[in-house]
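For chain C, the structure is supplied; the task is to place chain D on it using the hints.
Chain by chain, the residues run as shown.
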Amino acid sequence: GNSVTQMEGPVTLSEEAFLTINCTYTATGYPSLFWYVQYPGEGLQLLLKATKADDKGSNKGFEATYRKETTSFHLEKGSVQVSDSAVYFCALYNFNKFYFGSGTKLNVKP
Amino acid sequence: EPEVTQTPSHQVTQMGQEVILRCVPISNHLYFYWYRQILGQKVEFLVSFYNNEISEKSEIFDDQFSVERPDGSNFTLKIRSTKLEDSAMYFCASSGEGVWNTGELFFGEGSRLTVL
Numbered sequence: 001g002n003s004v005t006q007m008e009g010p011v012t013l014s015e016e017a018f019l020t021i022n023c024t025y026t027a028t029g030y031p032s033l034f035w036y037v038q039y040p041g042e043g044l045q046l047l048l049k050a051t052k053a054d055d056k057g058s059n060k061g062f063e064a065t066y067r068k069e070t071t072s073f074h075l076e077k078g079s080v081q082v083s084d085s086a087v088y089f090c091a092l093y094n095f096n097k098f099y100f101g102s103g104t105k106l107n108v109k110p
Numbered sequence: 001e002p003e004v005t006q007t008p009s010h011q012v013t014q015m016g017q018e019v020i021l022r023c024v025p026i027s028n029h030l031y032f033y034w035y036r037q038i039l040g041q042k043v044e045f046l047v048s049f050y051n052n053e054i055s056e057k058s059e060i061f062d063d064q065f066s067v068e069r070p071d072g073s074n075f076t077l078k079i080r081s082t083k084l085e086d087s088a089m090y091f092c093a094s095s096g097e098g099v100w101n102t103g104e105l106f107f108g109e110g111s112r113l114t115v116l
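Protein chains in written order, with our numbering: chain C, 1 to 110; chain D, 1 to 116.
Extracted from the complex, chain C is given alone in its bound form:
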């Protein structure tokens, strides 16, 4: 079947620290992979995506590379800001259906 597993939070970092949020997936066929972000009081919004193996999605300083060999799509940012505090959801799209992870809360302290 199709599923997404991401690291549990919360993750607490100081400003300018390096961020990694792990995400692994199980899927049949050739899924697309996404990271969505939910800022406090708002809905989920797309952060970045990758549609095939070895693609790198990037946006707002965040990056994730679609690794088929390790079935992973880890989210990284070199230097986090307080404004990056949010819940991050890894998601998989396959056969016209989205599957979401449980979300990882990131707290960035000044």
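Hints listed in this document are in silico derivations from the structure and should not be mistaken for laboratory results.
Watch out, some of these pointers could steer you wrong.
Claimed, not checked - Residues of chain D clear of chain C, computed beta-carbon distances all greater than 10 Å:
hint, residue
1, Phe61
2, Gln64
3, Arg69
4, Gly72
5, Lys83
Said to hold, decoys possible - Once the Cα atoms are required to be at most 27 Å apart in a straight line, the calculated DSSO-like pairs of lysine-lysine come out as:
hint, chain 1, residue 1, chain 2, residue 2
6, C, Lys52, C, Lys77
7, C, Lys52, C, Lys97
8, D, Lys42, C, Lys60
9, C, Lys97, D, Lys78
10, D, Lys42, C, Lys68
11, C, Lys97, D, Lys57
12, D, Lys42, C, Lys97
13, D, Lys42, C, Lys109
14, D, Lys42, D, Lys57
15, C, Lys77, C, Lys109
16, C, Lys105, D, Lys42
17, D, Lys42, C, Lys52
18, C, Lys56, D, Lys42
19, C, Lys77, D, Lys42
20, D, Lys42, D, Lys83
21, C, Lys52, C, Lys68
22, C, Lys109, C, Lys60
Owing to the predicted nature of the structure, the values given are computational and were not obtained by experimental measurement.
Just so it is clear, CB atoms sit at the ideal spot from N, CA and C, and this is done for glycine as well.
Only chain D this time, still in chain C's reference frame:
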């Protein structure tokens, strides 16, 4: 910028009562979805809707649930007789891509349902 809007933002209801959650998707989108997230758990797919009918639904979406697009703009989720375990955040989403879309889902801010 176009956005998906949901009402109410929070609803408290007694067990056994009917609840209707409302969504206004982005106007030129074709695919509509409801997801839910029980506190601390995964975002779960409930149902997708296309061309005025349900295109797919999950095991969660039993006979107690129904969806409608009554007037070409609103997209509603009805729970006929709420249970305690229906307490969750319900997210509406829409997409404008084709059937094999790999495009973006646009989410509303969610409606929190609390069943007492």
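Quick rundown of the hints versus the structure:
| no. | hint | in the structure |
| --- | --- | --- |
| 1 | Phe61 | holds, 13 Å |
| 2 | Gln64 | holds, 22 Å |
| 3 | Arg69 | holds, 18 Å |
| 4 | Gly72 | holds, 22 Å |
| 5 | Lys83 | holds, 22 Å |
| 6 | Lys52/C - Lys77/C | holds, 21 Å |
| 7 | Lys52/C - Lys97/C | holds, 16 Å |
| 8 | Lys42/D - Lys60/C | holds, 25 Å |
| 9 | Lys97/C - Lys78/D | holds, 22 Å |
| 10 | Lys42/D - Lys68/C | holds, 23 Å |
| 11 | Lys97/C - Lys57/D | holds, 10 Å |
| 12 | Lys42/D - Lys97/C | holds, 15 Å |
| 13 | Lys42/D - Lys109/C | holds, 26 Å |
| 14 | Lys42/D - Lys57/D | holds, 17 Å |
| 15 | Lys77/C - Lys109/C | holds, 15 Å |
| 16 | Lys105/C - Lys42/D | holds, 13 Å |
| 17 | Lys42/D - Lys52/C | holds, 24 Å |
| 18 | Lys56/C - Lys42/D | holds, 25 Å |
| 19 | Lys77/C - Lys42/D | holds, 23 Å |
| 20 | Lys42/D - Lys83/D | holds, 19 Å |
| 21 | Lys52/C - Lys68/C | holds, 9 Å |
| 22 | Lys109/C - Lys60/C | holds, 19 Å |
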